[in-house]
Each structure stands twice: as C-alpha cells, then as structure tokens.
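> Protein sequence lines, in the order shown, are assigned to chains A and B.
Here the first sequence is numbered in the UniProt record's numbering, starting from 1 and rising by one per residue.
Here the second sequence is numbered in the UniProt record's numbering, starting from 1 and rising by one per residue.
No lab work stands behind these hints, which were simulated from the structure alone.
There's no promise every hint is true.
[As the list claims (entries may be wrong)] Within a straight-line C-alpha distance of at most 25 Å, the following computed PhoX-like cross-link-like pairs (lysine-lysine) qualify:
#	chain 1	residue 1	chain 2	residue 2
1	B	224	A	36
2	A	36	B	54
3	B	338	B	224
4	A	36	B	94
5	A	36	B	408
6	A	36	B	351
7	B	399	B	424
8	A	36	B	423
9	B	411	B	351
10	A	36	B	254
11	B	126	A	36
12	B	424	A	36
[What the hints assert, rightly or not] Computed Cβ-Cβ distance ranges for the label pairs, DEER-style:
#	chain 1	residue 1	chain 2	residue 2	range
13	B	79	A	26	51 to 61 Å
14	A	70	B	283	36 to 46 Å
15	A	26	B	281	46 to 56 Å
16	A	26	B	312	45 to 55 Å
17	A	26	B	33	13 to 23 Å
Keep in mind the model is a prediction, meaning the values are calculated, not measured.
The beta-carbon is built from N, C-alpha and C at its ideal position, and this holds for glycine as well.
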Amino acid sequence: MLRGRRRMECTLDAQSLISISLRKIHSSRTQRGGIKLHKNLLVSYVLRNARQLYLSERYAELYRRQQHYPDGGPLLAMPACPPPAAAPPELAALPLPADTQDREARSCAAARGGAELLEVPVCAAPPELQRAPCRDSSPGFYRAAGSAGPGGGGGGGSSSSAPPGLLYAAGCDFGSGGAPHCSSRTTVLDLDTHVVTTVENGYLHQDCCSQCPCCCQPAPGLASPPPTPGTKRKYYPGQEEEEEGVEEGEPGGGGVAGGPPFAPCTKRARFEEYSAEHPQDSSNISNLISIFGSGFTGLVSRQQADSEQPLNGQLCSKQALASLGAWTRAIVAF
Amino acid sequence: MAGVAGGGGGGGSNDFQWCFSQVKGAIDEDVAEADIISTVEFNYSGDLLATGDKGGRVVIFQREQENKSRPHSRGEYNVYSTFQSHEPEFDYLKSLEIEEKINKIRWLPQQNAAHFLLSTNDKTIKLWKISERDKRAEGYNLKDEDGRLRDPFRITALRVPILKPMDLMVEASPRRIFANAHTYHINSISVNSDHETYLSADDLRINLWHLEITDRSFNIVDIKPANMEELTEVITAAEFHPHHCNVFVYSSSKGTIRLCDMRSSALCDRHSKFFEEPEDPSSRSFFSEIISSISDVKFSHSGRYMMTRDYLSVKVWDLNMENRPVETYQVHEYLRSKLCSLYENDCIFDKFECCWNGSDSAIMTGSYNNFFRMFDRNTRRDITLEASRESSKPRAILKPRKVCTGGKRKKDEISVDSLDFNKKILHTAWHPMENIIAVAATNNLYIFQDKIN
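Next comes chain A alone, as it looks inside the complex:
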C-alpha cells in the first residue's frame, strides 16, 4: 500500500514516526478533557502505516540475508507469522486507570496495528520462511530457526494464513462470547532471557483467563443485547454510563461476577503483580504489546512515566524495533 508513497520532504522515517505517535498516544492520556477518540484513531492509522513500512523493509532485509545464507546460517527464525502476543518476560503490564475512553483509544491503536501486523508478513514474508514448521495450527509465536528455508517440512504454512481478525475474535473476546479460547498452547524459551513463556492462541495465559470468565468461572450474561432493529432506542440518562461500564469497563474477569480467581502464571512475577490489579486491561496490553514489542516498559511503567515522559516514545519504539532481533533467536522449547 505504501509503495506509491511520496517521499516526505522532512526527514522522518518510519521509526521516528512510530515513536512520535506513541508519544502522542501517551500524552493524550493526561490531556485535559479526557482521551480524544478521534485524534487517537488517526494517530493509530499513522502508527499502522509506519509499522507496515518498517516491517516490510525489515522482512525484505531478512529475506535478502537469507538469500546469502541459504543453509540457515545465523538463526533467522523470523516468525513466519508475527507474534500476536509478544510479551517477553521483562515486560511490565500497563498500570492503566480504569478508564473507558482510555482503553478504547488504546484498543483502536491496537486494532490498527495489530490487524495489519498479521497481514503484512503474509505479503512480505518470502515463501521459504513460511514453510518453517509450525507446532500447531494456531498462529505460532516462536518458530524453529534452523529450519528456516526448505529444510522445514512439517507443519506447513498454516500459521502464515492467520486471519487478520484472529487476534480479536478468537480467544478471549468476552464481548462476543462463545469463541473458542485457550485451545492451543505454545511454550517458548527466550534464549536472551532464558525465561519460558506459555502462549495460548496468541494470548498469554494470564490475559486469557483473566478476561474470560468461562475460563475460570461461569460468566453471567454481561453484554447487553443489541437493540432490535427497527425500534427506536429510548435513552434514559444514567443508563448509558451503566451500559458502558458493563460493556467495556469491567469485563467479567474483573468485576461483575465478583471476580474469578486470577489464573496465576508463576513464572513472571512482575507481570502478575500488575495484572492482578488490572485484569480487565490485559487483553489490551497484549494487543498493544504485540505491536510495540517488548519495549513497552519504558513507556508505561508508573515509576518511570513522569521522569522519562519526553523520551518514552523514543525508548519504546527503539526497543520495540530492536526486540525483533531478540525474537528471532528464540526457539520452541517443546
């Protein structure tokens, strides 16, 4: 889509745009008057565009590198499909206020980048890489490196055909309910940090269970039914806020049913500590994480936020983009 893009007169490249955009999203949280949905939506589009360009350039570069080393020299292991929920252990969860608009603004950002994230490598990833073995049929997380290229055989390219909507529709979309979730797991070992991560259906196990009441306990009917087509919706003051609260404010995991027991994943204490406080934000965390990679810590950690605010966007994007390299060195443990 961006091939016909006219080069800007200014010197901003995709990486700078990403960091600028992240900074805008971050600062919008503290602006007077609350999150501006419109502006954040537009910023998320820029993020998506910049991310697409960056990824396509990156994949093109990796492909070129692979051409030079057809026997799989440096461990490529680039994800045949991009990690939908990349949460390397050093990531701390977002300490988010329970703020509907806040969450929605981030969701939009997530939606923009995440959906595209799934699509791009399908176009840009060369066929050899797509044949890397996939452990199971769900979008994988880390894939065997050494078999990048024709040596892969096995699993086939199912992972490369991840439908764009999978990230949201499947798994723990409690709003629509009923979608299968927690149905497949991948356990990975990050060779950089030597930490094992369990990924289910693209979500961290914690995210999944914290958000899906059916995972942990039966969910009451939470989503209010959509109005029957053809009937005028009568609105009564006060009702709207309740409705909002039910729909997005406290997903079942969090508040309405008295809170399911939080499914612990003991291996990453730091993540857990934040997630326990904000279970309802986990899905958004993982969505955003999937876009911004492991470098989100600097952007959102409460302690750092104030002091590092001007640099946050910069830190985040650099880490995010740099961490792509880290991912490429992980392998599937079992």
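Following the hints, put chain B in place on chain A, whose structure we already have.
Using the frame of chain A, we list chain B on its own:
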C-alpha cells in the same frame, strides 16, 4: 447582492473589496487559553453574532441600527450580552475532567422578543434565553424600593405598582439543560427546520432531542462497533437539512458523508446516500487517513448542495451525486509536503470550519498565519486575505495575500516556511444576507464587510 471578493487583479464594475470593520478582543501578545474563540455564529437575521470561547463563555454582539447621517457606513457590532455558559466539570465515575470549552453555538429562529440559542461543550447542551429588560416595576406594597421588606403593620394603604423605564439590561438565563446523553465528545449540534427538534453528535452516536424535553433523547445513529477494537471511523460533524426536517447528514473521519432519512427507519444506521470520492492512489502517504478526515460539513442555504472541509481542501457536493464532489477547492496545497512537520506539532489535527455566503455563490474557510480563503463558485476565482492588526484601520481595504510555494519569492509574497502555524483561523461565519464576515483569529474576532466601489 452578495458577491465575493474580487481577485487581486480586480476589474469589472461589479467587483467589490473587503474592508476592515472591527476587531474585538485583547491586543496582548500573551493570549490566555480561556480567551481563545472556539465558535462563531450569526443568527438568522444577522443582527446578532455569538462567539464561544475555551473558558466556557458566550459573548453576543448586536448590530447597531444604521445611522441615518452616515448611510454608507454599516451598523457596528457591539457587545450585547456576556455570560458563562459552561463550567469545567469532573466526571467522578470515569475520573475525567470535562472541558468547559464551547464547541458549538446554534441559534434558534426567533419566535418572540427573546432570543434563544443552544450552546454545547463536550458533554452537555444548554438552551439559553436572552431577553431584554427595559422596564422595572416600582411601588410595591410589601417591600421598599431598595428591596427591604416592609413591616406589614406599617402598611396603611394599597397601591398598584407601575412600570417605569430603566436602562436596558440584557439577561441570559439557561432554560433547558440537556445532559448525560453522550459518552463521547460532542462535536456538533444542529437545529431542525421544524424548530422543535435538534440533533447532537459525538464521535460515535447522534441523538435527537426535543427542545422542550431534557430527560430523554432518541439515539438515531450509532456506529459504535460491538468490539471497540474494530473501530475504524468516527463521526466528525452532523447537520440537519435546511428544509427537509427528516434529512440529515453526518461526516466521518474516513472522508465519507452519509445522508440519512429519518422516515426510513427509527435507527438511521443505514444511510440513504453515501458520498465518497475515491482516493488517488498516487498521493498515498503516512498521513492519508488524517488529511482525508472531514472536519466540517455544511448544507448550502438552498439545500441542494453541501460542503465538506478536510485538511487541505474544501469540496462542494451535489446531493444528487454520490460518487464525487462537483467542485474541489485547494485551500493550502503547499502544506502537502509539510505533513510530517504538521503531524509532529499537531497542526495536522486542526479542525477547520467552512461556510457559505447567503446566496451560496461563495464559500469561505480558514488557514494558517491568520489567512482565510474565499472561493467564488461562479467565476472560480479565489482570494487569500489576512486578519491582522496591521491592516486594522477603519475601512481599510484588505490586500490579497499570496503564499510562495517555490522558486523565487516575489515581493509581498510569504514563503511557506515563514507561515505562523500558531495563528490559525478555524472558525468563520458569513452574514446570512449581507457581505459581512466574522473571522476568529485565536482570541480576536475580526469583522470585515464589503465596500462597494
């Protein structure tokens, strides 16, 4: 009688020129944020001009009667009423501060001696009654002239109070408060031609109100997706058709306009007409989505056309043709190569408004550096003028301005890099019948009018 400013070249006996008339507001270099004007609107007769600012205040100017001794000089606008419309609020449930900034003012057609207008901030719409009091009752029985109660035992005789003239006092009182109907930020209000109902639009929903009823509104458009992560566009502006009380339009952040007919169904999520111009793929950039977002939509007075403003252009649409606009005017195309910088400094998110003149033969919109642009739809001529203190001498003719886009800069031209992007004209209004325009430049309101040669 309405025309448009003649181009720089002049010529033609029908041409006229724009002259400075008045400027309202402080001259200080340091502008308080609360004084920044956020909306400007003439009433139906043009005798009243209302402004709202970021501090939640409304100032209404009234046009003086024409002075018989100076027949060529039009009536001036002087302050008629000032009141605090909205105060900052805090939503404790969501930990959100609600700004008091007045987003829009819309006048109601006048039905009696009083004037009514709707003003809105992000969350609450208020109906204000502005009425004059020039008589006072005197001679009460139970209280003295200074208001102190009289001792009933001292009253020995009864009298009938009489009305005596007093200095004119203009009172503004809130008659209705329409609250708690919008989860997202209200961007538009529009009074229906039936004079009984009006709509209010936020990012995702449009509600229909009756002016008399404050505890209930009907939701007529809802584009909120079941899963917020699937959100791709928001509502940016909405307006009722000037004559057909069942028709309204709303614009979106994707550059599309939907026309809805309230007769077809109670919930107008399905549009009757869908206006969209296909995107030119060769101009695709990082910022394509942002610059295609529509910031304002206005019906022509005739009701046959509508105009939309996006970041770089103004488009006129024929309601009978959905696939493309009938006219497109470039406002400041030289900014297309600066979009990166404008994104960095947030200017790319500025929401410019646009307006028609009374006869729909001309349109006007704002730009940066306190420039504003006018386009004559018949002659296809356009002009750039500046609202500045320098050209603020009484009846001084405004000189057309030109931006140099490349190459050698001619005398009197200004280069793109010299433009002051902090001086933006977002809000303009055109008198419904005459060639008088009101231009809001940050905290100043400029009034210009034509000077017939």
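> Hints first: check each against the structure and report whether it holds.
Status of each hint after checking the structure:
A hinted pair counts as satisfied when its Cα atoms are at most 25 Å apart, and residue 224/B with residue 36/A qualifies at roughly 15 Å. For the given pair, residue 36/A sits about 16 Å from residue 54/B by alpha-carbon distance, which is consistent with the 25 Å threshold. Between residue 338/B and residue 224/B the alpha-carbon distance is near 33 Å, which puts this suggested pair outside the 25 Å criterion. Between residue 36/A and residue 94/B the CA atoms are separated by roughly 14 Å; this keeps the pair inside 25 Å, and the hint holds.
Distance restraint check for residue 36/A and residue 408/B: the Cα-Cα separation of roughly 41 Å exceeds the 25 Å cut-off, and the hinted pair is therefore not satisfied. The hinted pair formed by residue 36/A and residue 351/B meets the criterion: a straight-line CA distance of about 13 Å does not exceed 25 Å. Taking the CA atoms of residue 399/B and residue 424/B, the gap is about 18 Å. The hint holds against a cut of 25 Å. For a cut-off of 25 Å, the pair hint linking residue 36/A to residue 423/B stands: about 22 Å separates their Cα positions.
A distance of roughly 31 Å separates the Cα atoms of residue 411/B and residue 351/B; the hinted pair therefore is violated under the 25 Å criterion. Straight-line distance between C-alpha atoms of residue 36/A and residue 254/B comes to about 16 Å, which keeps the hinted pair within the 25 Å bound. A hinted pair counts as satisfied when its Cα atoms are at most 25 Å apart, and residue 126/B with residue 36/A qualifies at roughly 22 Å. The suggested pairing of residue 424/B with residue 36/A holds, with an alpha-carbon distance near 20 Å, which does not exceed 25 Å.
Under the hint 51 to 61 Å, the C-beta atoms of residue 79/B and residue 26/A, about 42 Å apart, miss the expected range. Taken as a hint, the range 36 to 46 Å holds for the pair residue 70/A and residue 283/B, whose Cβ atoms sit roughly 40 Å apart. Range check, residue 26/A to residue 281/B: about 32 Å between beta-carbon atoms, so the 46 to 56 Å window is missed. The hinted window of 45 to 55 Å between residue 26/A and residue 312/B is violated, with their beta carbons roughly 28 Å apart.
Judged by the Cβ atoms, the range 13 to 23 Å given for residue 26/A and residue 33/B holds: they are separated by roughly 22 Å.
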